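Asker: Now for the letters of each chain:
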Amino acid sequence: MMVAQARSVVLAGIAAVAAVMPSLALAAAEGGDTLPQFDSSTFATQLFWLTVSLVVFFIIMRNNALPKIEEALETRSRKIDDDLDKASGHREEAEAAMAAYEKALADAAEQAKAIHREVAEGIAESATARRTALAAKLAEDTKAAEARIIAAKEPALANLQDVAIEVVQEVAAKLAGLKVSGADAKAAVAASLKEKA
Amino acid sequence: MASPIEQFEIHTIIPIHIGGVDLSYTNSAFWMTISVAVASVFLALGARRRALVPGRWQVMTEMAYEFIANMVRVNVGDAGRRLFPYIFTLFMFILFGNLLGLIPGAFTYTSHIIVTLGLALTVFVAVTIVGIVKHGLHFFSFFVPSGVPALMMPLMIPIEIISYLSRPVSLSIRLFANMMAGHTMMKVFAGFVVPLGAATFGIGGLAPIAMDVALTGFELLVAFLQAYVFTVLTCLYLNDALHLH
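As given, the protein sequences belong to chains E and W, one line each in that order. At position 39 of the first sequence (counting the first as 1) the number is 39 in my numbering, and the numbers step up by one without a gap. At position 20 of the second sequence (counting the first as 1) the number is 20 in my numbering, and the numbers step up by one without a gap.
Keep in mind the hints are simulated off the structure, nothing from the lab. The model shown is predicted, which means the values in this text are computed figures rather than measured ones. Possibly wrong hints are sitting among the right ones.
On the chain E side, residues computed to face chain W include the following (Cβ under 8 Å) [said to hold, decoys possible]:
#1 Phe43
#2 Val56
#3 Ile60
#4 Lys137
With a cut-off of at most 20 Å between alpha-carbon atoms, the simulated DMTMM-like pairs for lysine to aspartate or glutamate come out as follows [as the list claims (entries may be wrong)]:
#5 E:Lys137 x E:Glu125
#6 E:Lys179 x E:Glu195
#7 E:Lys186 x E:Asp141
#8 E:Lys79 x W:Asp240
#9 E:Lys79 x W:Glu66
#10 E:Lys113 x E:Glu125
Between beta-carbon pairs, the in silico distance windows are [unchecked claim]:
#11 W:Leu155 x E:Lys79: 56 to 64 Å
#12 E:Thr34 x W:Ile129: 50 to 58 Å
#13 E:Thr34 x W:Val21: 17 to 25 Å
#14 E:Asp39 x W:Leu165: 21 to 29 Å
#15 W:Thr216 x E:Glu74: 35 to 43 Å
#16 W:Gly55 x E:Val55: 28 to 36 Å
#17 E:Glu70 x W:Thr12: 36 to 44 Å
Built from N, CA and C at the ideal position, the CB exists for glycine as well.
Please construct the entire structure, taking both the sequences and the accompanying hints into account.
Answerer: Spelled out as structure tokens, the structure:
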């Protein structure tokens, strides 16, 4: 049912176009024998007003609109260039500051190292000095002690001779019943000592 | 029923006759005035603030400027800078004529051969003058194609001259024919709306209306495209005259 209706509508449409076509063609023919575009009587006025409009429009564009647009575009590109320049200037400054900071840091490290070295050297030096002094003192003490020993040895040795003489006298008296004089005993001890030496 | 051709008729609004020549202010002149006024307001007022950060309106004017400036830079080079204001004027005048002509009831002055021929002749004359100023008499070597045997010259030189002279003709006919054909077609389809609707209880009238809607979109494209083509060809002719082959 729907399809049939649609078909009848389309057919009616085609019929209407067919009916209208000749009248349209007729109307076109009646409208003018020639196109208005080829009516030379209007050429003069069209060219005249075209010239007037075009000249006025050209003057407005060249003296007003275009310079304004150009100015805006130029100002903007100049501003952008300036800003870029400024930004790169700031970056350079920042880089310089960074370099200065790094240099200060390196200097400080260097200085700290130098101080450290100095202090270490100072400590080492004083330690050496103290050690040397101690060694010298110890050597001195040793020497003094040795001297004292030597000093003590002499009387001890002399004492030992006296004891030996007495021992000789006693032994001779007890064993042989001899009375040995002090001088003889002394000579005998001396001789014995000499023999041993 | 109105003829599809009726829209192209010239009607006098203010009769002016000077020295026996009819220079009346007509509907064509009226729409030229409107075009110039609308385009001037759009461009001059849009750019008046010269803002660093442009608004929408200013962006449109700057885009129009950059569009034509790039076209001239690419096709002509820096030498084209001096003719840029005229090329820009030409583009805007044709574009606004084409676009405003699409308003129902408006008159499309670019659909008249005499107007497009006038525009093309200004290009022709300007290009020829630019070429002669730049190259002097050497400009006429333009008509002598390079790398052609001398025997062929009697044939080639007239062909080159004819092709040079036919430039304004093709330039004007292309624009005029496009505008006239588009507007005529729209009127023809519009003319079907009422008779078809009457015959089919209103339903059949929708088809030509839909067609006209599509055609209107298409004509917007053509309006822009033809202004663009006219301007690009102007740039190419200018480039030929400035940089002889």
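Asker: Hints the structure violates: just list their numbers, smallest first.
Answerer: Numbers 4, 6, 7, 8, 12 - these are the hints that the structure violates, sorted from lowest upward.
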